[in-house]
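Protein chains in written order, with the working numbering: chain E, 1 to 429; chain V, 1 to 249.
The set of hints was computed from the structure by calculation and includes no laboratory data. Worth double-checking, as some hints may not be accurate.
[Said to hold, decoys possible] No farther apart than 25 Å at their CA atoms in a straight line, the calculated lysine-lysine pairs in the DSS-like style are these: (1) E:LYS195 to E:LYS330; (2) E:LYS216 to E:LYS143; (3) E:LYS177 to E:LYS95; (4) V:LYS147 to E:LYS143; (5) V:LYS127 to V:LYS69; (6) V:LYS169 to E:LYS330.
Note that this is a predicted model, so its numbers are computed, not measured.
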Amino acid sequence: MGNVNIEVHHVTRVEGHGNIVVNAKNGVLEECRLDIVETPRFFEAMLRGRPYTQSSHITSRICGICAVGHATASLRATENALGIEPSAQTVLLRKLNFHGEMLDSHVLHVYMLVAPDMLGVGSVIPLVQIAPEAVLRALRLKKLAGDLCAVIAGRHTHPIAMAVGGFTHFPTIAELKALRGRLVDARADMDETVKLAKTLPWPQFNRETEYVALRKEDEYAFIDGTITTTDGGKYAINDYRQVTNERMVTHATAKHCAHKRESYMVGALARFNVNHDKLHPRAKAAAEELGLKPICTNPYLNTAAQVVELVHCVEDAINIIDELVGRGVKPEPLPAFPGKGGEGAGSCEVPRGILFHNYQIGDDGNVIGANCIIPTGQNLANIDADMRALVPQILDRPQDEIRQMMEMLVRAYDPCISCSVHFLDVRFV
Amino acid sequence: MKPKVAFFDFTSCEGCQLTVVDSLQTHVDLLDVVEIVQFREAMTEKGEDYLVAFVEGSISRESDEARLKEIRERAAVLVALGACAHLGGVNAIRNAMPLEDVRRYVYGDKADWYETYPARPLSAVVKVDAFIPGCPIDREEFIEVVKALLAGRKPPIPDFPMCVECKRKENVCMYDRGGQCLGPVTRAGCGAICPTYGDGCEGCRGLIPDPNSEAMSDVLVKNGLTVDDMLARWSMFGTYQQMELAAKK
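Same shape as in the complex, but just chain E (with noise of 0.2 Å):
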């Protein structure tokens, strides 16, 4: 008993290359860890040399899934380091483009990613056939998901208007409109996703570990806000590399991060942890329904958070719906380049986590330096000790129930991969 040698050659269900490796041998744990076998990216470096208006978009391109993320944290960073405040009608359109690609994400990941190991099936395909209601579901929401990305930034993948300091291209009130619309209609699919998640068989696991989120006082933070963490600390976004402390290891590509503890949790449980008290009052209602509690330190559970803030962004895209129809949604031109550089830092919680892009621009607008954080990188420590505590706990079962529970764990963290070797220690000179 207690031999087991799993190896999980390119996790499924997952964005980007990782693989699993577990052995025991009498019992006793000998190895166990993710490997990172992407394909180093470079995109720090590729930004060198180039305008600083080019920075957000070729910055997108490091996730599929997250790129409205990406640039937003792309165009803060440009934008603090040239001195450029955004306007409010800015700050609006850029949260609500946000809460899209929120929804496309967490929707994916919870229904198309996650829900077929809770159902025992392999893919989100075999569904159509068990539970066509739940995957017409999804697929209805990441439209509405990719509509409302689309008429704010022409696409979800990769956004076309949005700029530094301001838009190229502004959503009709009645677009605006016909949005609110759906997004009132998509509350009943949010009852029925709280419900679904309900019956999930969630796994019980729990292993303390520090969360790390943005945080703001006015709200539930996304974009901007103080990095603040469930072990008392508090930083400004600039000072992120006290928290991130990036170093190297040889089994994966990307760089692993860790603050006081030997690693630190960030992504949708994390926020729900700093920052439950700020969710809209449906979002709390869900969270209780699910029976989930701050500070929650079961990591399967980071899926059940996603779907609070789905209902949570849901009900806050109509409301800033409503404060831009109040408002109306006038062209504003883009600013000139102010003739002087400097460096500044971008933060806003993405699907997965906090992300931080750090840019210096030069007095020409040229990039001199760039350095993106990415949360799988911030996570992929604290991923490798939940495996090490979970593993010695369920070493009597069957090989293939281990090697099922260590997958749904690392998908768990709905990893995205392709966006976290790419990371660098800068030395800006």
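Given the coordinates of chain E, assemble chain V onto it according to the supplied hints.
Showing chain V alone in chain E's frame:
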């Protein structure tokens, strides 16, 4: 029996495969006419018997070549999915920089731990039968290409410039809006989506065959721009092609 198709990816953001998933929102009947046997991003099932392979991403390290060649051997039809696979795309921006410098910049003194070489399109490694251009691909165009392949027709990828579509949309020309645009020389098929949303074409669908470079230079001269300005813009997706052209000269 439904034809079997499979999806694969190399160096990319996987946004084109996500666009494929998104195409199901409006074309869920796609699943009635093909059987998807492998799609790592979306499913655990894994079949190695397939007729059509859709491959996203550039090849950016030598050890990935064997896997691509294996896919090539198994597939009757290999389709390059999106700009990274078709052109090299954004991955090739770094090809114009010293490789050692790029590696050190990102991984410092640990650069040797991670294998890489200049990024290249699939066609630099294997024979490619068809391509779906764009960053990302257009979901309607994807559906049209699947239909054509199933019917044994040549995929309907336009070879006229994007300007034609943009004019049809009655957009004000980007140059008249004070912008820059590669529309006169870039392959159409995207519905001129970037100019429609206020940004000039960045050339993600690649050059048309025999681009009218004289007309392009006229536009540049008229707007006080230079060929270097255009090359800089084109380099976002076209660095690999630029370097190929330069090598020929």
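- request: Check each numbered hint from earlier against the structure, then list the numbers of those it violates in ascending order.
  value: Failing hints, ascending: 1, 2.
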